[in-house]
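Order-wise, the sequence lines are chains W and F. Under this note's numbering, think of the first position of the first sequence as 4, with each following residue one higher. Under this note's numbering, think of the first position of the second sequence as 4, with each following residue one higher.
The hints are simulated quantities; they were obtained by calculation from the structure and are not laboratory data. One should not assume that every hint holds.
Put simply, identical chains are the same to the list, so a pair is met inside one copy or across any two.
To be verified - List of simulated lysine-lysine pairs, DSBU-like, C-alpha gap at most 35 Å:
# : residue 1 : residue 2
1 : Lys-532   : Lys-497
2 : Lys-423   : Lys-461
3 : Lys-423   : Lys-532
4 : Lys-476   : Lys-464
5 : Lys-166   : Lys-461
6 : Lys-142   : Lys-338
7 : Lys-181   : Lys-461
Computed from a predicted structure; not experimentally measured.
Here is how the chains run, residue by residue.
Number of protein chains: 2
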Amino acid sequence: MSDWIAKAQAHRAKRDAAIPSGLLVDLKAAGVPELPEESLPLPYSKTEPHHPEPTTIYPKDNVTGVPSKVLSLEDVAITETPIDKLLSLLATGKLSSVRCTEAFLRRAVLAHQLTNCATDFFPEMALSRAKECDDYLAKNGKPMGLLHGLPVSLKDQFHIKDKEMTMGYLKWIGNIGKQNSVITDVILNAGGVVYVRTSIPQSLMRCETHNHIYGRTVSPFNRSFTPGGSSGGEGALVGMHGSPLGLGTDIGGSVRVPSAFNGLWGMRPSMHRVPYEGAANSFLGQESVSSVIGPLTHSLEGVVTFMRAVLAERPWEMDPILVSMPFNEDAYALKNLQLKAGSAEPAEAFTQGKTQLCFAIEWDDGIIHPHPPITRALREVKEKLIAAGHKVIDWVPYEHLRCYDIIGRIYSADGGEDIKRSCDEGGEPVMYNLMSTGQDQPHLSTFESWQLNQEKSKYRKEYLDYWQATKDKTGTGRPVDGIIAPVSSWASCKHDLNDHVSYTTQWNLLDRPCVVFPVGFVEPEKDPKVALENAYTALPGNVDQIYWDRYDPEEWKGLPINLQVVGKRLQDEELLGLAKVIRDAGATLH
Amino acid sequence: MSDWIAKAQAHRAKRDAAIPSGLLVDLKAAGVPELPEESLPLPYSKTEPHHPEPTTIYPKDNVTGVPSKVLSLEDVAITETPIDKLLSLLATGKLSSVRCTEAFLRRAVLAHQLTNCATDFFPEMALSRAKECDDYLAKNGKPMGLLHGLPVSLKDQFHIKDKEMTMGYLKWIGNIGKQNSVITDVILNAGGVVYVRTSIPQSLMRCETHNHIYGRTVSPFNRSFTPGGSSGGEGALVGMHGSPLGLGTDIGGSVRVPSAFNGLWGMRPSMHRVPYEGAANSFLGQESVSSVIGPLTHSLEGVVTFMRAVLAERPWEMDPILVSMPFNEDAYALKNLQLKAGSAEPAEAFTQGKTQLCFAIEWDDGIIHPHPPITRALREVKEKLIAAGHKVIDWVPYEHLRCYDIIGRIYSADGGEDIKRSCDEGGEPVMYNLMSTGQDQPHLSTFESWQLNQEKSKYRKEYLDYWQATKDKTGTGRPVDGIIAPVSSWASCKHDLNDHVSYTTQWNLLDRPCVVFPVGFVEPEKDPKVALENAYTALPGNVDQIYWDRYDPEEWKGLPINLQVVGKRLQDEELLGLAKVIRDAGATLH
């Protein structure tokens, strides 16, 4: 066994040993199959990157029902309490943070046993912090902040002072956090309790979750399927109700895909509103398309709470790249949409007591067709919005393939240098050549990367003009308020197959905020397999047809179906207001 | 004569021929020496970039008094009317835009004859547009926008549809604007009248103004001195009152230096508030430190009017990179500084009816010492602010040399490729190797440029923390509100010597907004030459001592002395409020 494999296995064993045995559940006794350990090095297909053989060693079970069987009634009740209610109980002392944290610790460990979602547990630190919160409330009679006493889970990119963190790279074994990442401080300043960190794919540049140290994370809805990624540990953990609020990052879909694949609400905020300063990352210094931090949670309230709590801490005084915009409550209440375009007078619909908005539906992106369940969800949401009095038009995608090409070249502008070096330093091989990590791409010169940035800027300008021009089609006097779109062409898939991400990268290149919301679950009778007419052929390898053919209603049964709503850049609060309109129209699952 | 020289001279002759002869003044009759034409190619010193021989062929005269001798009383009165008053006259029809534009056209042509500041005149287009404004007002009884009828001058980077523009490069002779730059549209939408474009240095990357097509622009205060650059054409034009509002750009001081050298108010806004989309530039696609558009004008009101007018046009609906922040009137009124830090309660000083702020003075940057007149100005401003009830502390620069080094490497990250190609395409030689244009620098790979970005980000973070930590020293409960600093170590200098720009680049790297304001003029009796003790030696070539030794009170006599106030990133309106406090304390010339 080579050195790096031994080192990886030892580190994984160290993680497992750190879990207090009192928190572990005897899965065998509960009749739940344990997860297999894949042997290292993990599967890698260079020749057929778009359709390697799916792994078949994972059980095809849905384990989301396990907690209610093996945890106490009270633990289940606490961990399934809606976040706004939970925060209210914590802020008033009706539930102690210690008790709440114990419940989430137990459920997080169980989620981890079932899905392999965690990289670290911090039971002692968390319970000590929870006691601090309880004591503060008792002494001061008021909560610490908007997240008072709430357990919050962190993706394995966010430093905690004095805690080791690897971000899934061998090279960072032994890497002790010199100080908290700014987001860690912000969460703590707002009263949060950090208790677990969660897994990621090697390099982060993949919408699955799989690395040499911690292995593979699986979907709780079907363990032979991927929970998505790169924030897939969060996806699986929050999907299992092992966390009320998880923090992921998104440079190409890495919050949204795991939110979608685990039936969650999630958000990719606009760049430079949530502090990334002091977090670990791939491609540090790459500023052309930035990764952003966003929440994965069970409700719109969870997303709103996250944004409110972060912005209340004035993070722009801690992270110099941030835009100094406090949470705009008026925008969340859509007050700006209640005015006539370019005027201080109220729009007509509003004077009549209506709140008529215009949404557009992106039925497909012209690159790959969504599976039938996704299309059904789009149809259902459209109907609900119309029933609620809103306008809904079709969104004709504007050259999304061009966008997909540009962002792929931005990701790989260093010819894979960053990832190669990171792997080399730890002695481990590069695992995948999938999501444009640049292993086979040319390393651009600075001048060439400037030319690429110009391609990006030109596309952004054309898209903005295209969006603005819709004001002639909406009947509201405004351009389209929000686009409702797939997050992925499918509702997850078997491991190692989730390689096509144009539905998410589109909005990263344009820096548009997106909120992901759950619509329902795959139901074979409603979502039968049909023939694909006119498959798109622009991508190499017949991807559209191949992805379409993989759909099997029985296999997909019960998998969550999610969509996203896309807003205007930096108008994150308005977008949350739009998401609330969609929720209030009954178009979301909850 | 080589081809490119003939081509450059022909294009310059074309410009001259386009000036209606009725607008030209007979300078000989007025007893004013004409400007010499320097022979091409223009001087270039590779061996001693920091102290080439100054050109000696220019007259050492101050020509700012010429207009009042050769123009009509009414033209002088119109062109010297404060901008707020002028806008009020225009908006109420008491002065027609046509009459106003005629006056500024005449004075701009005169300014050009005296300083060689213009690249294009558009008399027909401007007068036709002015008439459009007048007709609009007559018909609608209200002005077009916040700049109704006002002549506005543009740096030679801003496209006008169907008009040729070169940006001083031979390669762009014959380059016809396909459409307006967004800023041109914004100015027009706000009611402005575009009538002249102004000169720049080759490549824009220099704080002087000198290119092969249009030659050299000189300071109206001493024509053997530079007006600064790269917006030096604007500096000289506005300095001559040939424009009430000029638009420049600033990536390292290019608005601020010519504002300072011509006794003007000027502003470098934060990145991404004023639309750059569709403008010509060097280094297109370089996003690490962006150039920003800012105004050069005669008063604080001119600066505020510019920002209000631009932001009122919702430019973020036209330029996808912009931050969607309307002009924040509360911030301009400093309402946010009237609260206790982190609280909704008013700060103590304000409850007592005072508006106590804390400014810090940057006496020098630890790289190069300011000349005696600059230091005197800092001292005078400090006294005025204290007399007005504010606190003033010393600003200890935080590793400004490190910042100067980083930004120099960012400018030259392409090893000069962009400039080399631009020159090659026009067949002209590269003129200077001065302001880190990278001719002798290595061309970084994309990966290397990412590492450089990390150096920048680390410095930005440290500086933010450093600034925030001053809240323990200010006595206001807040960090320092604004830094008052030199714009340059001197109040201009002889041509070809203005190569040291650390006082301005500092705030570009940190993306801090800056407002430049006039304090007075060099007076030999108040600003005697003294010995420099402890010259800084960190820069090669003994720059500090050499620059200090150049000072000659008699030669500098009458040159404007300006300073800048530096604010918080994206808090441009608060910074304007701080500038108003400085003005209202009597610390500015006007």
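Structure-based check of all given hints:
In this homomeric assembly, Lys-532 and Lys-497 come within 35 Å of each other (Cα to Cα) only inside a single copy, at 17 Å, whereas the closest approach across copies is 79 Å. Taking the shortest alpha-carbon separations for Lys-423 and Lys-461, both the intra-copy value of 31 Å and the inter-copy value of 24 Å come in at or below 35 Å. Taking the shortest Cα distances, Lys-423 and Lys-532 never come within 35 Å of each other, neither inside one copy (41 Å) nor across copies (59 Å). With identical chains, the CA atoms of Lys-476 and Lys-464 are at most 35 Å apart within one copy only, with a shortest distance of 20 Å there and 45 Å across copies.
Taking the shortest Cα distances, Lys-166 and Lys-461 sit within 35 Å of each other only across copies (22 Å), while inside one copy they are farther apart (43 Å). Within a single copy, Lys-142 and Lys-338 get their C-alpha atoms only as close as 39 Å, which misses the 35 Å cut-off; across copies the closest is 33 Å, which meets it. Taking the shortest Cα distances, Lys-181 and Lys-461 sit within 35 Å of each other only across copies (15 Å), while inside one copy they are farther apart (41 Å).
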